[in-house]
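Since chain A is already given, all that's left is putting chains B and C on it; use the hints.
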Amino acid sequence: MYEFNYQKAGSVADAAAKVAGADDGTLMAGGMTLIPTLKQRLAMPSDVVDIGQLTDLQGISVADSKVSIGSMTTHDTVANSADVKGAIPALAVLASGIGDPMVRNRGTMGGSVANNDPAADYPGAVLGLGATVVTDKREIAGDDFFTGMFETALDEGEIITRIDFPVPTKAAYTKFPNPASRYAIVGVFVAQTADGVRVAVTGAGGTAFRATEMEAALNANFSPSALDGIAVPADGLNKDIHASAEYRAHLIGVMAKRAVAACG
Amino acid sequence: MPRDDGIGAAVRRKEDFRFVTGQGSYTDDLNRPGQTYAAFVRSPHAHATLNSVGTAAAAGMDGVVAVFTGQDLADAEVNGLPCGWQVHSKDGEPMVEPAHPALAQGKVRHVGDAVAVVIAETPGQAQAAAEAVEVDYGVLPGIGNMTAAKAGKAQVHEEAANNQCYDWELGDEAEIDAAMAKAAHVVELPLVNNRLIANPIEPRVAIGDYDTATGEHTLYTTSQNPHVIRLLMGAFVLGLPEHKLRVVAPDVGGGFGTKIFHYAEEAIVTWAAAKVRRPIKWTSDRSEAFMTDAHGRDHETVAKLGLDADGKFLALKVQTDANMGAYLSTFAPAVPTYLYATLLAGQYTTPLVYANVRAWFTNTVPVDAYRGAGRPEATYVIERIVEEAARQIGMDPADLRAKNFVAPDAFPYQTPVALEYDSGNYAGTLEMAKTAIDYAGFPARQAASKAAGKLRGIGFSAYIEACGIAPSAVVGSLGARAGLYEVANVRVHPTGSVTMHTGTHSHGQGHETTFAQVIAERLGVPIENVDVVHGDTNNIPFGMGTYGSRSLAVGGSALAKALDKVEAKAKKIAAHLMEASDTDVEFKDGQFTIAGTDKSVAFGDVALTAYVPHNFPHDELEPGLEEQAFYDPANFTFPAGCHIAEVEIDPDTGTVTLANFVAADDFGNIVNPMIVEGQVHGGIAQGVGQALLEGCVYDEDGQLVTGSYMDYAMPRADNLPNFTVDTQVTPCPHNPLGVKGCGEAGAIAAPAAVMNAVTGAMRAAGVTKPIDMPATPSKVWAALNAS
Amino acid sequence: MASVSMTINGKQVSGEVEGRTLLVEFLREHQRLTGTHVGCDTTQCGACTIHMNGEAVKSCTMLAAQADGAEVSTIEGLANGDELHPMQEAFREHHGLQCGFCTPGMIMSATALAKRNPSPSEADVRHWLEGNLCRCTGYHNIVKAVMAGARAMNA
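In the order they appear, the protein sequences are chains A, B and C.
Reminder that position 115 of the first sequence reads as 114 in numbering that gives the first Met the number 0, one-by-one numbering, no gaps.
Reminder that position 171 of the second sequence reads as 170 in numbering that gives the first Met the number 0, one-by-one numbering, no gaps.
Reminder that position 32 of the third sequence reads as 31 in numbering that gives the first Met the number 0, one-by-one numbering, no gaps.
Hints are computed from structural coordinates only; laboratory data are not their basis.
No residue lacks a Cβ here, since even glycine has one placed at the ideal position from N, Cα and C.
Hints are supplied without guarantee of correctness; some may be wrong.
What the hints assert, rightly or not - Beta-carbon label-pair distances, calculated as ranges:
id, chain 1, residue 1, chain 2, residue 2, range
1, C, Arg115, B, Asn784, 37 to 45 Å
2, C, Asp81, B, Gly105, 54 to 62 Å
3, C, Thr6, B, Asp3, 39 to 47 Å
Unchecked claim - Only some residues are given here: those of chain B computed to face chain C with a beta carbon under 8 Å:
id, residue
4, Arg11
5, Val19
6, Thr20
7, Tyr25
8, Glu172
9, Asn198
10, Pro199
11, Pro202
12, Val251
13, Ile674
14, Gly681
15, Asp698
16, Gln702
17, Thr705
18, Met713
19, Leu719
So here's chain A without its partners, still in its complex pose (with noise of 0.2 Å):
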């Protein structure tokens, strides 16, 4: 790790001035993924702002048919909340699938969704049930957060405060790891909403994408059988030693098709 200088913030305000003032500011949540990107000295930031700590950034609620999760909630309290459990048991299935327990204990939705790796699990959730990203200046509708690889909607220092999940009639979230790293390959989340259904593909492209055509015939008809004849195109998928994007491709009707299925 090459040197930086680590700093609390004390608040939301505060942890936006600190980055602000550093000469090359970055924002620490759980740092799951920062501290080993560190450790392999691929970022050298001049201040590292934790956030982590800031409890009012933690805690989930569930009000107005939706359930409200603070950014800095860590993977293992949503999975094992019994608000979420209720409202959107498919969420704290996601959750409890993230990383293994000690990653859970410290890894944070904000930090996840903020992040956008392509192979992680929580953009699955904010696409597929429409949810709207909180942060420090304004509200941001899922659909529109996730704009590339590794690249999101969120200004140089704006910080995530909370993400609202409508909740759905029902949903599921099915995923095929990686057989190394244990990311996604390909997760799809499905969810029958009061819009409609919907359907998101996180770890097949270069950002999490909704599955179109997919919604449409499950729109028709609710059942994995909907899903037979959709071919979802390889063009423009992920490729690497653990899947090629024809493969890909196949997994997404696979995973889709059971979590149709597990949505009961």
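Chains B and C alone, transformed into the frame defined by chain A:
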């Protein structure tokens, strides 16, 4: 009544208290007073000329004590790293043996090849200065695999024409071709034995220290064989005499072969510590380990098996290409030759076997022994092609094997590939394994899987290995540059407690318990009163270390010999005390007695007498009770057995689930069944890892693609089932404990068993073209959907 | 440099650290608690697992400064003198360790599981240990040990 701490008892391990309480003492846990830290500048290129290495900027940075380059080592007459085994090509020429400088000189030859070392006050300062070393690389085309090496895409070493290290053979090719021409069936199978990275969870660490008062150099290192490192580093690299060089390998966090070898970092910290007159510590991180620890396997083979009309094996012909990597690691040349081709008879009476092995240089990390070393590769060839033959001729794979087994009464059995098997009962372990997995019930389980939309397969692997390396004269004649005996010293203290010093090294094997059990059994002392010491060349007379499942077979035999000497001397002392002839003295359960009398002396009294020799046979004996033995084995040992894997494949995703795995092994006599089972479990996990998960990938140009656990799939708890393991005992007839060795069996047997199951399941779905390891979901899915 | 203080195994400690000082470095090098190990640099092997404020975390992926004010427990704090903690005893009894390098992390992870699930099934244990790599045991005996240790802890 057998002892509860003697031979055969599942004694809980003596070493565990320190490990479960966090008090193990691993190399990185040690700090020397005034210690500095080393960081290496490593090549990011697979192949490049070193046009210049600029160290001035780095040398001037905060905390930097020194910077050394390959030129500095050359100027100081530090030699390159030696290779411990010379193989000759079939034309009689010795293998091409290029220099392996500890820091690159003129050229770098793999990603991670060390160019310079920075020594600084803190690890952070060392790392920062290492980044400031200015290296001008002239990038050359890189060779990432053997195909590119053969094609001559580049020249890794000037002296190795076409990048070939050797072209070796065993057997008579004309004879085998003639036999093959007469065979009723000939089965041909191309096979890839995937490149692996050993990945002990403890990364390598080396600390060099120099005592200016005595002139003694000390190296603390994560090694499986400290004396071998002292020999190689002292005699060949640094020119230091043994009495001024101490090598300490304290608790070591797993080895699996990759900690056998002498590495550049060991020599550099030892040499540089004397230069800077400060201790120097180097701790590898995992990323560095991936590009510097010797890798394993990496064979490409075409095998041909000829059978007669009844299914008797007539001939096996094997053509193998073996990747040596960029340099020859310590035992690399022996692995695909003498540790591989000599095992190609397997458990079978195949009368003719021929192997041609060509070894190649590539721009990759050196490849050397990894758990099993040659024998997993041989087993994979034999057991895959036998299974394939059974499928092609429509015979039950268990029956085909049984038909060709060496019979239990045929021992000693001379194979056509040099080895003489000492004992065994291969049908016995086959039947044990079949029963354990309920082979008869497989069709019903397969049908149930099919009904659930899954494919199910079952696969056998009837393996044999040669362990207990090795008879020194034999290996010497085959090119080994060392003897492979072992050493034990038994020191009985005045009050009867015992310290044993062994030249083997325990890095998970539990020697502190197993050897203590042998001593407790023989001397009748409680195991609490026995300590086993290893890992320090200043404490241990000599030794060759631990690898090749040799510790009990060779080191335990040395111990048995030393115990013989202790007992013989103790009997004489006891005879003197009892005023009898030593030939009349019996020793049992810690008591010396004279048959037919009520005279007896306890072992502790004899020990005390030996050190307080007031009433002592001084004319005949010296005081004291301490004996030492070197044991050079008469033959290899031949553990063997049968492992069976059952898998289920999800055809929608290609995911292979290991549904069941059973092992029936014959390790000869067993000292601690709990430890033996643990060794088998661990070996199976590594074998299953090779078959289903692990694979080191280089791109064509020699860039390492699997450089961390993000891409190199390590077996985790949820990848594996519980294993069913059992043993049969056919004692080794030529060593005193009758033991054969158990450390590698799982890694040797499991890959073929799993891949036979996977390919069997796929065959049931109409896919007859076998896939190679690792059978990852994407590969299985692609094969199932290829048609 | 910044000063941090925390409770480690019931003892209040403090020290001066750089911003980049990892918690595991603080434990191993500053406090000389070398039972916590480092086996990888990508937050996967789990050899560095400790408890912070009662939860298992990977101390290689935390800054020491992040643990300022926290209650930390490490493998060294588990036994009561010569009397092993039930999970340590279970690892010994069931031969759940060989080289011992992953063991401290395994045991710390396992005790965290046992606090949540007093009677975990084999599948529960295998799933929970996703973040702890062992290269020696094939996990077979670790799984047995964790199941037995959890029951013993909650007996």
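Now the hints, each set against the structure:
{"no.": "1", "hint": "C:Arg115 with B:Asn784: 37 to 45 Å", "verdict": "41 Å, holds"}
{"no.": "2", "hint": "C:Asp81 with B:Gly105: 54 to 62 Å", "verdict": "58 Å, holds"}
{"no.": "3", "hint": "C:Thr6 with B:Asp3: 39 to 47 Å", "verdict": "42 Å, holds"}
{"no.": "4", "hint": "Arg11", "verdict": "6 Å, holds"}
{"no.": "5", "hint": "Val19", "verdict": "4 Å, holds"}
{"no.": "6", "hint": "Thr20", "verdict": "5 Å, holds"}
{"no.": "7", "hint": "Tyr25", "verdict": "7 Å, holds"}
{"no.": "8", "hint": "Glu172", "verdict": "40 Å, violated"}
{"no.": "9", "hint": "Asn198", "verdict": "6 Å, holds"}
{"no.": "10", "hint": "Pro199", "verdict": "6 Å, holds"}
{"no.": "11", "hint": "Pro202", "verdict": "7 Å, holds"}
{"no.": "12", "hint": "Val251", "verdict": "7 Å, holds"}
{"no.": "13", "hint": "Ile674", "verdict": "7 Å, holds"}
{"no.": "14", "hint": "Gly681", "verdict": "5 Å, holds"}
{"no.": "15", "hint": "Asp698", "verdict": "20 Å, violated"}
{"no.": "16", "hint": "Gln702", "verdict": "18 Å, violated"}
{"no.": "17", "hint": "Thr705", "verdict": "12 Å, violated"}
{"no.": "18", "hint": "Met713", "verdict": "5 Å, holds"}
{"no.": "19", "hint": "Leu719", "verdict": "6 Å, holds"}
Of the hints listed earlier, those the structure fails to meet are numbers 8, 15, 16 and 17, in rising order.
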